[in-house]
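Engineer: Sequence:
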Amino acid sequence: MFRVTGFGLSKPAHELFVKPNSRQCLFCGLLDSRTPGEIADRHLEPVCVKCDTPLWSQSDGSTVTVDIAHQRETVAQALGKFKEALSRSWQRSHAEHLRLIVGGGLIRDAVLGELFFLNSKGIVLAFEEENRGAVLVRLRWPLL
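When we follow the working numbering, the leftmost residue of the sequence shown carries the number 1051, and every step to the right adds one.
It is possible that part of the hints are untrue.
Within a straight-line C-alpha distance of at most 20 angstroms, the following computed EDC-like cross-link-like pairs (lysine to aspartate or glutamate) qualify [as the list claims (entries may be wrong)]: (1) LYS1171 <-> ASP1091; (2) LYS1171 <-> GLU1134; (3) LYS1100 <-> ASP1082; (4) LYS1131 <-> ASP1117; (5) LYS1131 <-> GLU1178; (6) LYS1133 <-> GLU1164; (7) LYS1171 <-> ASP1159; (8) LYS1131 <-> GLU1164; (9) LYS1131 <-> GLU1088; (10) LYS1131 <-> ASP1159; (11) LYS1133 <-> ASP1159; (12) LYS1133 <-> GLU1179; (13) LYS1171 <-> GLU1095; (14) LYS1131 <-> GLU1179; (15) LYS1133 <-> GLU1178; (16) LYS1133 <-> GLU1123; (17) LYS1133 <-> ASP1117; (18) LYS1133 <-> GLU1088; (19) LYS1171 <-> GLU1088; (20) LYS1133 <-> ASP1091.
Okay, the calculated beta carbon distance ranges per label pair [said to hold, decoys possible]: (21) ILE1151 <-> CYS1078: 32 to 38 angstroms; (22) ASP1102 <-> ARG1182: 40 to 46 angstroms; (23) LEU1162 <-> PHE1077: 30 to 36 angstroms; (24) LEU1094 <-> ARG1182: 35 to 41 angstroms; (25) LEU1193 <-> GLY1154: 32 to 38 angstroms.
Quick caveat, the hints were computed from the structure, so don't treat them as lab data.
Since this is a predicted model, take the numbers as computed values, not measurements.
We put the beta carbon where it would ideally sit given N, CA and C, even for glycine.
Put together the whole structure using the sequences plus the hints.
Structural biologist: In structure tokens form, the structure reads like this:
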């Protein structure tokens, strides 16, 4: 289950995700109907036609939390859940962070390896281990 937290909020993710085929500019409020691309294509992101700010990298400061390791997943299943959560958080929310609950075993090691690779490619901006069982991934820089 996806949960979004931030600014004292704790709501189910479906209540805070934006519509799949639209993106609202957080600076000027203009609704844009272009479909968000994949996070790997973040360098191709469009700008708002009204205020010229990048549309997909705007953050509202929230955090999407996803548990990928506690439903008896294999490493491959957990990595699939990780990629789905990463894509969904990029395309359907304005979240600044993605918190992954990874446990302390092989899934954690595989996710950290994948994050190291994605960070070196510039796909994720940064990541840090909050504790042994959770990883915080920065998807967007905070709104200035």
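Engineer: It remains to establish, for every hint, whether it holds in the given structure.
Structural biologist: Comparing the hints with the structure gives:
1. LYS1171 <-> ASP1091: 11 angstroms, holds
2. LYS1171 <-> GLU1134: This hinted pair holds, its Cα atoms lying about 18 angstroms apart.
3. LYS1100 <-> ASP1082: 10 angstroms, holds
4. LYS1131 <-> ASP1117: 9 angstroms, holds
5. LYS1131 <-> GLU1178: This hinted pair holds, its Cα atoms lying about 19 angstroms apart.
6. LYS1133 <-> GLU1164: 10 angstroms, holds
7. LYS1171 <-> ASP1159: 19 angstroms, holds
8. LYS1131 <-> GLU1164: Measuring from Cα to Cα gives roughly 13 angstroms; hence the hint holds.
9. LYS1131 <-> GLU1088: Holds. LYS1131 to GLU1088 sits at ~16 angstroms (cutoff 20 angstroms).
10. LYS1131 <-> ASP1159: 15 angstroms, holds
11. LYS1133 <-> ASP1159: Judged against 20 angstroms, a Cα distance of about 15 angstroms means the pair holds.
12. LYS1133 <-> GLU1179: 18 angstroms, holds
13. LYS1171 <-> GLU1095: The given pair, whose Cα atoms are some 16 angstroms apart, holds under the 20 angstroms limit.
14. LYS1131 <-> GLU1179: 18 angstroms, holds
15. LYS1133 <-> GLU1178: Roughly 17 angstroms between the alpha carbons, so the hint for LYS1133 and GLU1178 holds.
16. LYS1133 <-> GLU1123: 14 angstroms, holds
17. LYS1133 <-> ASP1117: Holds. LYS1133 to ASP1117 sits at ~12 angstroms (cutoff 20 angstroms).
18. LYS1133 <-> GLU1088: 11 angstroms, holds
19. LYS1171 <-> GLU1088: 14 angstroms, holds
20. LYS1133 <-> ASP1091: 14 angstroms, holds
21. ILE1151 <-> CYS1078: 32 to 38 angstroms: With a Cβ separation near 35 angstroms, ILE1151 and CYS1078 satisfy 32 to 38 angstroms, so the hint holds.
22. ASP1102 <-> ARG1182: 40 to 46 angstroms: 43 angstroms, holds
23. LEU1162 <-> PHE1077: 30 to 36 angstroms: 34 angstroms, holds
24. LEU1094 <-> ARG1182: 35 to 41 angstroms: 36 angstroms, holds
25. LEU1193 <-> GLY1154: 32 to 38 angstroms: Check passed, 33 angstroms falls within 32 to 38 angstroms.
Going down the numbered hints, you'll see the structure goes against none, and every one checks out.
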